[in-house]
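Student: Could you put the whole structure together from the sequences, leaning on the hints where they help?
Residue numbers (the working numbering), protein chains in the order written: chain A, 56 to 517; chain B, 36 to 298; chain C, 968 to 1578.
Please note that a few of the clues may not be correct.
Claimed, not checked - Below 27 Å or equal to it, Euclidean Cα-Cα: the simulated DSSO-like pairs (lysine-lysine) are:
1) A:K326 x B:K163
2) C:K1331 x C:K1313
3) A:K326 x B:K167
4) B:K113 x B:K126
5) A:K175 x B:K126
6) C:K1313 x A:K111
7) B:K289 x C:K976
8) C:K1315 x A:K111
9) B:K113 x C:K976
Derived by calculation from the structure, the hints in this document are not laboratory data.
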Amino acid sequence: MTTLSDPPKEGFRLSQLIYDTRYRSMTIQVVALIGFLVLIGWLISNTAQNLAALGKEPSFRFLTDPAGYDINQRLIDYTNQDTHLRAAFSGVLNTLLVAFLGCITATIIGVFVGVLRLSKNWIVSRLMAVYVEMFRNVPVLLWIVLVMAILIESLPPPKAFRGENATSAMMLNDTVAITNRGIYVPEPIFGRDAKDDKGNFLDEPTGWRVGLGDIAIGANAEDGSCKRYYATEGPGAGEPDTGCGTFQISLDLMAVLLVLFGGFYASHRIKTRADHIQEATGERPTTWYLRFGVVVVPMVILLYVLGFYLGYPELKGFNFKGGTHMRNSLIALWLALSLYTAAFIAEIVRAGIMAISHGQTEAAAALGLRPNRIMSLVVLPQALRVIIPPLISNWLNLTKNSSLAIAVGYMDITGTLMGITLNQTGRELETVMLGMLIYLTISLSISAVMNWYNNSVKLVER
Amino acid sequence: MSELATDREIDRSHMSVSDEVAIEIAGMNKWYGTFHVLRDINLTVQRGERIVICGPSGSGKSTLIRCINALEEHQQGKIVVDGTELSNDLKNIDKIRREVGMVFQHFNLFPHLSILDNLTLAPIWVRKTPRKEAEEIAMHYLEKVKIPEQADKFPGQLSGGQQQRVAIARSLCMQPRIMLFDEPTSALDPEMIKEVLDTMIELAEEGMTMLCVTHEMGFARQVANRVIFMDAGQIIEQNEPEEFFGNPQSDRTKLFLSQILGH
Amino acid sequence: MSDIGFVRKEMVPEQEPPASTTGVIGWMRENLFSGWFNTALTIVSVFFLAMILMGLVPWVLSPTWKAASLNECRDILHEMGREGHYAGACWGVIRDRWVQLFFGFYPADLYWRPIVAIALLGVALAPVLFSDKVSPKLFWFTAIFPVLFPWMLWGGAFWTPLLVVAGFVLAYFVYSYVERVASSLLALIAAILFAVIWFVWGVGTVSGVVNTSLGAARLDGQLEQVTTEITRLEAEVARLDGEIKTAEDAVTAVMEAGDSARESGGDAFRTLIAEARVPRNVLGALRAEKGIVDTNLSHLKSYKRRMELLPELVEKLPGLREAAAVARDALPASVSHVTTEAGLDKFKTRISDEGLDILQDDMKALEAVLKQENEVRFTEGSIDVTYADAARIGLRPVESRNFGGYMLSITIGVVAIAVSLPLGILLALGRQSNLPLLKSLCVGFIEFIRGVPLITLLFVASTLLNIFLPPGTNFDIILRVIIMATLFSAAYMAEVVRGGLAALPTGQYEGADSLGLNYWQSQRLIIMPQALKISIPGIVSSFIGLFKDTVLVSIIGLLDPLGLSNAVRADAAWNGIVWEIYGFIALLFFIVCFSMSRYSMYLERKLHTGR
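Tutor: Structure, rendered in C-alpha cells:
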C-alpha cells in the first residue's frame, strides 16, 4: 500500500487538454462533436428556412391521402382510391418480390456458372469466363433497359396467338403465354371461386373444398369505402361483413406454409435419426424416399382438401385473361438483375472452391473418402465459409439494385413512394427520407444475418 | 543432421520383415507433361519393412510415394499394394487408400473441424465405424501421440509439431497396414522435429510397414532397414543403412551424402 | 536381407511420354474429351457457340454504315435478300450519333478540351498505376489534376484552380506553423478552420477583387478585340450563307431529278437517292458549322453590349444603392421585416390567413422597396459578370447543361473517385480509431451510405440538396450529382482502406510508435503507404463499380450515353433501334471496366509474388 505514492497533486492547466493523454482523446472528441453538431444544425436551419420559404411544413399526413394512381403489378389488393401508405407498402412488397426471385435465380445461375468455370473442359470454362466478364463489366442499368427493349421489340403481341393461322402458340401444354406484354402463367387458386365479369361465381363452390378464406386485420365493416375487401373466397365469399382492413392474411397460404414447415421439420428429424443410427451402428439407413415423402404427401393432401387448382390464362379478345400476369417490367428487372448478379456470384463460388487448398482434397482422398464425400464433408464446409459472406453482400447489392426498377416502370418502393407519390404530393423531404429508411432497414437486416453467420463459423486459431 | 534421432535404445523385438509382399512396383514411368519425372521404377516392399527414401529435391521421391496411394497417376508400369493392383478402377483405389495411411509435409489438417472430428471423420464415413467406437479409437491414438488433452481444440490452435502428430494419429485411426510419410518434419522447427520422430519411431517399433521420404539421416540409420537413394527420377542406389552410409557405391550417392552429412 | 542391396550401374535416359498424352491430341484428350461427360459438354458447347456465332457474325457484318435512317438500313438489307428482325445491324445510327454519345452537347469547337483532359488523366494516373515504372516525381501532377480536370472541362479564369490549390497550400502552412508553436492537434483544428473559411469566403472575395481590377484595366482592349472578332464572324456567316445556298440548290436539283425518276421507277430512282446523300451530308455539315458560328456571334454581341453599358451601370450603382437604403429606412415597422420576394408571398398569405391589419399604402411602399433592391442586386450582378468576362484570362466557360455523353460519365467518375479517396481514408482511420464518438460517427455514416441504393442519393442530389443548403444557393445539377457520388464512393472506399489497414500486422504500429512518430506522421510514413498498396485492387474495383453506376444519372434526367440513347431511339429516323445503340454503349463501358479489372488482377498477382 505504501510503496505506491500518489502522483503529485497539481492544479489543472489548460494545456493538459492537449498534451495530457488522459484528456487529449476527450478534447478531440469534443471538438469533433462540436463540429458535427454545427454541421447538423447548419443543415437543419437551412432546411427549415428553405421549407418555410416554400410554405411546406414537414408532415407525413399525406400518407393517408388517396394515392390516385394505379400499380399494375402488385401482390396485395390495391386500387387508386387507396392511400399513399398502402401504395408504398405495395411498393415495398414489390421490391421484396423481385429481390427474392432475383436472389434465388442469381444464386442458382451463379453456382452453376462458377462450378463450370472450374471445369477441366477448356471450351466450357472459356464460355463461362466470357459470360462473367460480359455481365460484370457493363452497367446493370444497361442490361435492364436492354432486356426490357428486347422483350417489347422481339416477343409476339397477344394478337399473334389469335385465329386459325396464329403465328405464335402457348407453351407447356397451353398453360404459359409469352407475349410482348408480359408472361402469363397459371395462378394457384384455392376453392372454386372463379368469377365472371359481374362478380358471379362461374362454378358453385364445391362442397367443402372451398379454401379457408382470409382474415382481415384492422377490419372496419362500417366503412363503406372498403366494399372491395369483401371476401372473395371461403365459406363467407361475397358476404359484405367478412373483411375490410389494411392487411389481409390468407389462411390458405398460412396453412400451406405450416404444412410445408412441418414437412421439413419431420424430414430433418428423419435425417437426425439416420445420423444417430449411423453413429451407433456405422451403417447409414437409406432415407431419401422417406424424407421426400414426408414433405410431399401431406402437402398433396392439404392442397386437395383446400380445393387447389390452377387458373390457366386464356386468350379473350385481344388479350389474355386469367392466370398470373407477370409484366415485362418485372421480367426484365428479374432477368437482368439475376444474370448480372450471377456473374459476381460465379466468381465468388469459383474463388471459394479454389481457396480450399489442394492439400485438403488430397488428404481426404488419402483417407479413402470418395469424391462426393470429399465435396460434402471437407471442401464444401470450408468453401461455404468463404462463399457465404460475399454471397450475402451480393444479395444485398441485388436488393439495392432493384431500385433501378424505376427505369422500366416496375412499381417498387422507388417507383411508388419516391416516384409518383413524390411527384404528386411534392413532399421531397419526407418521401425520400422514408424511402431511404426502408432500404436501410432491409440492408441492415441482411447485414445482421451476415454478421451472425460470420461469428458462428469463425475458424478457431491460436 | 548426422546425430541420432533418439538417444534411447530402440526396441527391435517386433521389427521383423516377413516374406509377404506389401508393395510391388514394376517398370513404372511417369511424366509431367513432357517431363519424365519417374523413370523405370522397380521396388518391392516386404511387410514390416521400414524404408527411407532420400535424394536431392526434385528427384521424384515425393512423387513416387504419392503414386502408391494414387494421389498421382502413373502412365506406365504396375503398382500392386497388398495384392491389389492400382488401376483406374475406383474400387481398387478406395481399397488401397483404406490400407495405406499418409502423412504430409504441411499436415493438411482440416481447419474447420476439431482435432477429434479430424480423427473420426474417415473412420465414420469410410470404415463406417459407430461414432462412439471411432472416438475411442481416436482417443487411443491421441494418447499414443501424447496429446489427448488437445482433442477438443482446433488445428489452428496447435503448434506445428502437435499438428503433425495429430496428422499421424489421423492416419492411424484408419488402422492402415502401410504408412507413407512425405517429408513429415521439413516444415517443423528443430525442437518439434524430435517429438514427431519419436512418434514415428514408436510406430516402427510396433512393426508398421513404413515408406518415409525424409532428410533425417539419424532416423534412417537407427530405424530403417533399407535406404533408397533417388536422383533424376530414378532409384540410384539402395542398401541396408550401415552399408549405405558406410560404403556408398554410386558417385551421386557419395556426393549427396557428403553434402547432407556435412563431411 | 542381403538381397536388397542394389546399385544402378547405368542411368535410364529421358524418354518421350506415350504419344496419347502429348501434342494437340493429348491436349484435346485432356481438356475436351476426358470421359463421356466431358465429351458431351464439349459437344453441347460447341453447338451452342456455333449457333450464337452463326447469328451474330452476319448481324455484325452488315454494310449499313452509311444509312441515314432505320428504313434505309432495311432497304439495304432487303436488297441483299436479308429479311426479318435480326437480318443485320443498322450501324448508321452509330455513325450518325457517335460524336453526341461521346461529347453530349459540348461546343463542337471545344472538343479538344475534353480530349486533352482525358489524355492528361492518363498522365496523372501513370504514377499511381505503374509506380514501379514511372518516376514518382510525376505525383505532383497527380495531386493537382483533380483541380486541373474540372477547369479544363468547365473553363473559366486560370486563377480559379490556382486559388483552390492555394487553399490547400496555405492550410498546410497554417498547420506546420501552428504545430511548431503549439501542438499538432491545435494545428489540425486551425488548418481545417482556415480551409473552411478560405473556401467559403476567401476564394470568392479574392477572385472578385481580381476580376474588378483586372476587368477594369482590360475593358478597352477587350472591346476592341471583340469588335474585330464580330466583324470577322459576320464575314464568316456571309460566306457560309452563300455555301449553304449552293448546297441547297444541289439538293433540290437531285430531288427534282428523283421526282422525275420516280415516275419512270426502277433502279435509276434508287441510284439517285444514294447520290442525294452526298449533297445532303454536305448541307448538314454546313448548317451545323453555321449554327456554331451563329451561337458564338450572338454571344459576342451580347458581351459587347454589356461592356458598352458597363461604365454607365458603374456610375449608376451608388445612387441606386443609396435610394434603396433611404426607401427602406422610410418603411413603417409593420412591414419592414420583409426582405425577399418569397418572404413577401408568405407575408401576404399570413395577412389573409390571420387577418392582419396592414395599410394598402404600406404594402405598396414595401413592394416598391423590394423592386428597388432587386434592381440594385441585378445591377451588381451584371457588373460582376461583365468584369469577370473582361478579366477572364483562361478558357471559355461551358455550361453544365451542355455536358453529356461518355464524357459526362468519365467526368463524374474521375472527380468522384479522386475526391472520395482522401475522404475514404479519413473515414477508415476514424472507423479504426479508439475514440468511441469519432468511431461511431464514421460507422454511422459508412453504414448509412452503404445501406441505401445510389439512386436514392441521386434523388437527394436532384431534389433535396438545394433544400439543405443556405437559401438562395443554387448550384448546378452535375456538381450536386458529383457531391453525392463522392459521398457514396467514399463510404465504399473507407471499407476497402479499412481492409488494408486490418491486414497490417500490429508490429508496424508499434514500430512507428517506438520511433516517436506522432499519429499523423506514422499514418503518413509507415501505415498508409503499405495499407494503400494492399488496397489498390479493391480501390480499382470500387472505381469500376462507381464508373458503371454513373449511368444512373440518366434516371434523374442527365444526358449520359444511356440518357442520350432514349433521345436517339425516340428520333423518327432511328425509331426501333435496340441492339446497336445499347451494344455500342455497353462496349464503351466494357472496354474501360474490363481493362481496369485486368489491371487489378495484374496488380494482385504482383502483390502476391512481391511478398
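Student: Hint by hint, note whether the structure agrees.
Tutor: Evaluation of the provided hints:
1. A:K326 x B:K163: The given pair, whose Cα atoms are some 17 Å apart, holds under the 27 Å limit.
2. C:K1331 x C:K1313: holds (16 Å)
3. A:K326 x B:K167: holds (19 Å)
4. B:K113 x B:K126: holds (17 Å)
5. A:K175 x B:K126: Since the Cα atoms of K175 (chain A) and K126 (chain B) sit roughly 23 Å apart, the hinted pair holds (cutoff 27 Å).
6. C:K1313 x A:K111: holds (11 Å)
7. B:K289 x C:K976: OK: K289 (chain B) and K976 (chain C) at ~14 Å, within 27 Å.
8. C:K1315 x A:K111: Given pair K1315 (chain C), K111 (chain A) holds - Cα atoms ~16 Å apart, limit 27 Å.
9. B:K113 x C:K976: With Cα atoms ~23 Å apart, K113 (chain B) and K976 (chain C) stay inside 27 Å; holds.
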